[in-house]
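Enquirer: Read off the chains here:
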Amino acid sequence: MPEALPFFLAWLITWLALMAYLWRLETRWRAMEREQSPEE
Amino acid sequence: MRRQRGQMLTAVAGILLLVAFALAFFWVPPAAEFQRLYGNGHIAKIVFVHVPLAIVSFVAFVVAAGFGVAYLRTRRLRWDALGAATIEVAWLYAVLATVTGAWFSRLAWGAWWNWDPRQTTMFMVLLTYTAYLLVRGAVDEERRASVSAVYAILGAGASLMLYWVVPYLPAIQQISLHPSGIIARGGLDVSYRSVLLLSTLGMGLLFVQLVRLRATLELAERQLMVASR
Numbered sequence: 001m002p003e004a005l006p007f008f009l010a011w012l013i014t015w016l017a018l019m020a021y022l023w024r025l026e027t028r029w030r031a032m033e034r035e036q037s038p039e040e
Numbered sequence: 001m002r003r004q005r006g007q008m009l010t011a012v013a014g015i016l017l018l019v020a021f022a023l024a025f026f027w028v029p030p031a032a033e034f035q036r037l038y039g040n041g042h043i044a045k046i047v048f049v050h051v052p053l054a055i056v057s058f059v060a061f062v063v064a065a066g067f068g069v070a071y072l073r074t075r076r077l078r079w080d081a082l083g084a085a086t087i088e089v090a091w092l093y094a095v096l097a098t099v100t101g102a103w104f105s106r107l108a109w110g111a112w113w114n115w116d117p118r119q120t121t122m123f124m125v126l127l128t129y130t131a132y133l134l135v136r137g138a139v140d141e142e143r144r145a146s147v148s149a150v151y152a153i154l155g156a157g158a159s160l161m162l163y164w165v166v167p168y169l170p171a172i173q174q175i176s177l178h179p180s181g182i183i184a185r186g187g188l189d190v191s192y193r194s195v196l197l198l199s200t201l202g203m204g205l206l207f208v209q210l211v212r213l214r215a216t217l218e219l220a221e222r223q224l225m226v227a228s229r
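Sequences listed follow chains A and B, in order.
Going by my numbering, the first sequence opens with residue 1, and the numbers climb by one from there.
Going by my numbering, the second sequence opens with residue 1, and the numbers climb by one from there.
In case anyone wonders, no lab produced these hints; they're calculated from the structure.
In this text the structure is predicted, and so the values were computed from the model without any measurement.
For each residue, glycine too, the CB sits at the ideal point set by N, CA and C.
Treat the hints with care, since some could be wrong.
Unchecked claim - If you want a taste of the chain B side facing chain A, the calculated C-beta under 7 angstroms gives, among others:
1) Val49
2) Leu96
3) Thr100
4) Leu107
5) Leu213
Isolated chain A (complex conformation) (with noise of 0.2 angstroms):
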């Protein structure tokens, strides 16, 4: 269906977006609780 790949194309880039965005605050939260843990 070709004439809804604009759509599709406005979704796949915000979602990319957005999850990239998710998963970088995810990663940085995961960091810092291993940084606070105390070493074992």
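Given chain A, put chain B in place with the hints provided.
Expert: Structure of chain B alone, referenced to chain A:
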């Protein structure tokens, strides 16, 4: 517990957005008026991405002003972290609303950017909050929260003008190509309204989770910095 709640929020938002996408792709028909005007009725479906991003970002800029007021009244850093996180995520949403708007502009009007009043006002909103992020990074730590709070309050006033007042002035509406008029007068199928609602809910929930995460991170980083001194 808090982390589990966050994961649940992400999952619900993700499911809502995927359902909205599937409905938009397979169920919602192409818009007849967009077909007549722009030669492709399917591009109307970009509203399912563009409009929720714009709505959530506007509401968030107003909410951030509320956090600013709360900080100035209580001087609790939690409000500052929430305000800064809200503006950062809302800025990302506004950027994505601008990008998807430019994509629509390219498909409908043949140019990525043509300084339509809507594009121009959105660009001004982006400049306002890009400046917020730069100012917040540049101000020294003692004054950072107060300056950010005052900026957020003034920024919300500017956003109100740029989102809801300027684009609706009769002189501006005459020259604007933005299809909000088609949506406002019910020129889209009823199915558009339900999917738009679903998509806005999903974008809103995801927004809440991103802000929770960003604010927690901001507070934790500050605690670490204080502890390391």
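Enquirer: Please go over all the hints and tell whether each is borne out by the structure.
Expert: Consistency of the hints with the structure:
Proximity of valine 49 of chain B to chain A holds as hinted, the smallest CB-CB distance being about 5 angstroms (cut-off 7 angstroms). Because the smallest distance between the Cβ of leucine 96 of chain B and any Cβ of chain A comes to about 5 angstroms, under 7 angstroms, the interface hint for this residue holds. Satisfaction of the interface hint for threonine 100 of chain B is found here, the shortest Cβ-Cβ separation to chain A being roughly 5 angstroms, below the 7 angstroms cut-off. Hint status for leucine 107 of chain B relative to chain A: holds, with the closest Cβ pair at about 5 angstroms, below 7 angstroms.
Restraint check, leucine 213 of chain B versus chain A: the minimum CB separation of about 5 angstroms is within 7 angstroms; hint holds.
The structure shown violates none of the earlier numbered hints.
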